[in-house]
Amino acid sequence: MFEKTYQKLLIAIASVLLFASQSMAQTLVKGTLRSSVDQSPIEGASVLVKGSKTGTQTNAVGQFSISAKPTDQLVISSVGFESRTFSVSDISGALDLQLTPSKSELEDVVVVGYGAQKKITMTSSVSQIKGAELTRRPVSNMQQALQGQAAGLTVLDRGGEPGRTSATMRIRGTTTFSGNSSGNSSPLIIVDGVEQTFFNLNPEDVETISVLKDASSTAIYGSRAANGVILVTTKRGSAGKTTVTYNGYFALQNSTNDPVQMELETYMRYQVLAYNNSGLTVPARFQESSIQAWVSATDRNKYPLPNIWFQNVLRSAPQYSHNISISGGGENSRTRVSLRSSGQDGIAPGYDASIREMRINNDLKISNKLKLSTDLNYRFNYSNSPYRGDAFNFFLHGSLWTVPKYDDGTYGLSPQNNNPLMFLEKSGYNKISTHYLYGTAKLDYEVVKNLTLTGQISGVVNYQEQKAYQNAYSNRDVTTGGSLTVANNLLTEGRSRFTELTTNFLANYQKTIKKHEFRGLLGFSEIYNNGNSISAYRERFYNNDIQSLGQGTNDATKNNGGSDYEFGLRSFFARFNYAYDSKYLLEVNGRYDGSSRFAAENQYSFFPSFSAAWRLSRESFFQKLNLPFNELKLRGSWGQTGNQTVPLYSYYSSLSAGSYTFGGAAVTSFSATSLADRTITWETNTQTDLGIDGTLFNNHWNFSIDYYKKRTEGILLALPLPAVIGFTSSNQNAGIIDNKGWEFTLGYKNNNHKVQYSFLGNFAITTNNVVDLKGSGPFISGSDLDPRYIVAEGVPFNAHWGYKTNGYFQTASEITSYPTIATNTKPGDVKYVDLNNDGKINADDMTVIGNPFPKFTFGLNSEVSYRNFSLNIFFQGAAKVDTRISGALAEMGIFEGFTHQIFAGNYWTPTNTNAKFPLPRKSDQRNVNTSDRQIIDGSYLRLKNIQLTYTLSPEISKKLGIKGANVYTSATNLVTFSKLNEWSLDPEAESGRVTYFPQTRLVTIGANINF
Amino acid sequence: MKQYQTYIAILAFSILTSLSGCKKGVLETLPNDRISSEIYWKTESDARSAVNAIYPSLDAVNLFNLEGVTEIGHTNTTFTAEYNIENGTYDASHSRIQTEWTAGYRGIYLANYLLDNIDKIVTTNTALISQFKGEARTLRAYFYSKLVGLYGDVPLITTNISAADGKAITRTSAKTLWDFIDKELSEASALLPNTYAAADKGRITKGAALALKARANLWAGRYTDAAAAAKQVIDLGVYSLLPEYGKLFSLASENSAEVVLDKQFLTGTVTQNAFSFMGPYSQKSSGSNYVPTKTLVDLFPMKNGKSITDPTSGFDPKNPYLNRDPRLRFTSYLDGDPLPSGILFKPVPGSGGGDEIGKTQYNTTTGFSLKKYCSAEDFAAPGASGLNFILLRYAEVLLTYAEAKIELNQIDATVFDAINKVRTRNDVGLPALASTLTQTELRAAVRLERTIELAFEGWHLFDIRRWKTAETLMPGKVFGLTYYTSAGAPVVVEVPSVDKAFSASKHYLWPVPQKEKTLNPALGQNPGW
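For the protein sequence lines, the chains are F and U, in the order given. Per the numbering used here, the first sequence starts with residue 29, numbered consecutively. Per the numbering used here, the second sequence starts with residue 35, numbered consecutively.
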């Protein structure tokens, strides 16, 4: 959009000048050349009279003068800018000429910690994503928008529950152990200089996102940066005529995977076989007469199908978003106001969410030396889900043979008294409303030339209200007579607030002495966070419509609770850059961080980093080689960062209140529930990074390659203690984990043809290895029926753990000659491998059977434009990753769950001995234990988004009375190639039971209109 | 220039203000939602709160797990941890082996914490301090006797120790531990009152210390000491049997004169979940985690005192629950019994009810379902019961006295009196034992009485271990109720895929948990493991 504006501007200038200069003789043409981006003068640009040898260069302030005839044309070019040809007749010395920076990724200005740098002179590894890339498809949260956009940033998106995110982000792998639950391996998110929540940020407000990956770029954030840093800059007002922009879309969501139950008769006969194989009596339902009755029945209220939840409960659901932004101002004050209203219904009943948001970003130029920015952002986020959050579990488990809903509005009940549709519709609600208020004031003061002081004060207030109401209800299945009564309605309300105040104080200095360029930054930052929460509970309300806390029964069942906490961070940091001739680049960072999370003697730690780069392409010897490189840079960095996210007050020896009772009255009790360790301190992350950046073939191609190695030491580990001391574990800085990998980015852009084409691809390799657990562990979690993970030295973090298998036992003699996992093994049972050859199959035979974190991740974003149409196609995927199927999906129908059609005709029988699945055995889990059989290759390639945009021609826009507009249609999650497809599993889903909100596919229409 | 100075001043002022906004520095954030151990141990109430903190380590619902690995109970689903113990396919890394060890030493730590620190408190009320010490020492002895009963030799720890010490400690012989337990309970009983005022009901009494002493000595095979301690409890005159066995496990009978030691609960506040854990499946779509077996049900004699295997007993196989020892019906739900929801318990296959065997994998597999502790009072809120869990009651004291005296062959009227009191309780009403019984016959009688009287109260595993009967009682299939086909043929329900196992060379003691042994190889291991 920027370019277009610029082109228009140039045309305008040109046309004005056309009148001013007619026939002239050889004359002195004067001009000043500036960059169209920051209006800075361009030095050393070549100015050539076309078709001659006459030429000159611009001086330090961008001025040039050259003799030319009025009919001549001047070709002006400069490294890093697009060449331009001007007619002499167009040029007047009084006017500025502008060059647009060339389309080289390396020329971009990149936001870095506490500042911005030209990508070309950067020495560290940072990926930048433009705001426009984030708004191509509707997203439920910002993590989704970043998926596949940057090498080294892995986003796992776990489904589409409206208003609540379950996506996780990892920059360069998992760095700590507790990351699974508490998000300690998540990157630090800084929005406009302040740590903020990310998932519900308005994508339309984002100007750029920088993903800081290596230690050189992150060390300036010290103790919070071990997992990388994501810097977000929001859009600001631009000077000129006020523009009003509308962006909006409407999308329809549908579930991407609906597992289908085995066909009725096949299933019933399969069950008979399974009972027989276990030597069990075949229950009445599966007797031949019953099978006949079921198969021939037409009344599915009396003879319900075994499992039709996915087909019956899920539906299409709308999602919309409207954004209006107004931007304008003059030289001294600029403003951008943006408003958002968005909403989303769930594809299952009982779910919905909405956001109302406003942002005002102001820039005020008080004087030439003093600038003030004041930003304000308010967001109201609402989401609602059914009280029973576990309904999706019952889509597959414990809900067979149930009529979803009878015509009279009552529900069927499964033998286990479940009905997920009833839970979704009847159980009540769980509403969460969040008010988020962010305000900042930032003052920049240029004390003397090249020395700028910046002070920033910000506050974030997050206030959340939660109200969960369980309805009292009862339901009788009119066919089976089964009944379920939830006798008491009950209400839990919660309020929680946190306030975070941030103060930043920066001093920036830069100085250029001949070819030596120095830049320095000194900074101080302080963060203070406090929060509290209260909760209250009452039950037995008059009826389900009475939902006010005060109306619940006032007896011993009422309950309340609360918490209070605070923490702080005080930091001093500095950065020093040196460049010689823009050729040899050096950067040093350091941060001295103090955190209240640690005991006084361990609060402070220092995090340094060093990096250097060499712009090979600036060397004359390199230029003489005549290689197709426009730019080639080698860089390397080393540095340390920390992780401070230990539970608050871990070091503090405290006694917790417990509950007991004597003689019918509660009494107070106090005891220590954890062993305090005052020596707990930072986890330290040391990272080395080597990289190459370059552009080729007239800047049409650009690439970037990085190799990194990072080691986290002192990982807080719940080291097991002998239970005899009264505690089973204590947190200590003990673990070491390594991550290393490669990152590749390749881009191509061609703007010179009628058909414009561009793409940007990224590819990352991540390997992870637990190095040291200080002799503790291995820590094994899970069970035979659910994913079993191991944290052990020498294997990836949380690797899949279980048995290896070697086909099936085929003959009786094979069974007697090899150990079995259970007695009465028969041909067709799984042959687990006796790894340690001790003649027994037990836990000692387990080994690593899969990798839960993708080794390879990739994304490819490409765009083709022709005339008014442009097509954007975005692929994204992962490879070398394993998924452990579990629950009903994996259990072959041996318990009381869903039975996937995949098993039909595909199991061992004496005549089908090479079947994909073993002998089905009712109520006997021997063939479905955690083993390599349950591990499915989770690699996938997904057409994440395809978008077709039509841009209105200027004539039509004019007729419509608008400045411009485009309309688009897109489809998200349209096609996925994955082995998990046959299991009806989304490849991004976490291993384990399918109990989560389903992943969705979206079809969208949208429009952007400029008024 | 002047105006810039103003701006700088504003800037500096704002920054300073924000810095000093919180009076203490941002790094000095001390928690206000918890109590530091450094300011503790000043007042009597500190001591009281620390004593109170030991009681939650007493056992409750978890005791059912231990019944599920004896011959009288069955671990109802194959994916419950105890299933492996029942089948003998467990090793030192089994979760239950670890949790019992951990829970025991957690209780011991809490008692030691009090005993290490209580003398810091300056008070004139020394009697109260003594009482607290008595409570702590008795509770500690309780934890130790359970640990010795399960594991044999275990480390003896009588003060709080460091992690380093914990990694080097060795096991003390069971004999020394029994000596320690006996001495502790003797000394503690001297510090404790006979009874408490209403507000302290449930605290350890003198009787509790002595009754635990009797139990421990019985387990240790020290019959003289066991009989003497039981006699002391009897002679206290504080305890008597509740006239109705059927009301023992109800809210109305809490703190009755039969209760010697219990874990106390309070509806809505401090709760247990026995009903939802053990109740019939039809009642709350959960439960039936451990179920009674045919073995247990068949042990209950006829009302006339004769075993159902006795041809003269009058046992009618077609009406197997008619005229039986009433305790059977108080212990287990039987086919046709009314349930708290108002429906009947119908476990027979094909009967179509919510409790039908095989209807879901959670339904009882034997056709019996525990009634003791699954009180109808808890039907509405089955996971939040306030019913106290009785850990030691007077009936046990009487039976302990009788058993010890029988083993000592000091059979006199007091022995018969003790057993008969239990048998002839108002709503039990079995005939008294014939006074002509020999020592061997009496031994069998008192063991049977103990098994059925205390069934599913958590201690049967310890009994069959010390009687050394587990190796004969345990192995084999698990059976349930008997029903009749339409043709009139009897069918005994056999629980599929279970083979109870017990190896005499190994299973009389649990192994030292794998994790503990890894952290501290000096612990060694029990024979056979």
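It should be emphasised that the hints constitute simulated quantities derived from the structure, not laboratory data. Some hints could be false.
Stated by the list, open to error - Subject to a maximum C-alpha distance of 25 angstroms in a straight line, what follows is the list of computed DSS-like cross-link-like pairs (lysine-lysine):
hint, chain 1, residue 1, chain 2, residue 2
1, U, 551, F, 802
2, F, 399, F, 146
3, U, 352, U, 337
4, F, 868, U, 235
5, F, 802, U, 549
6, F, 868, U, 540
Bear in mind the structure is a predicted one, so any value in this text is a computation, not a measurement.
- Task: List, from low to high, the hint numbers that the structure doesn't satisfy.
- Result: Of the numbered hints given earlier, the structure breaks just one, which is hint 4.
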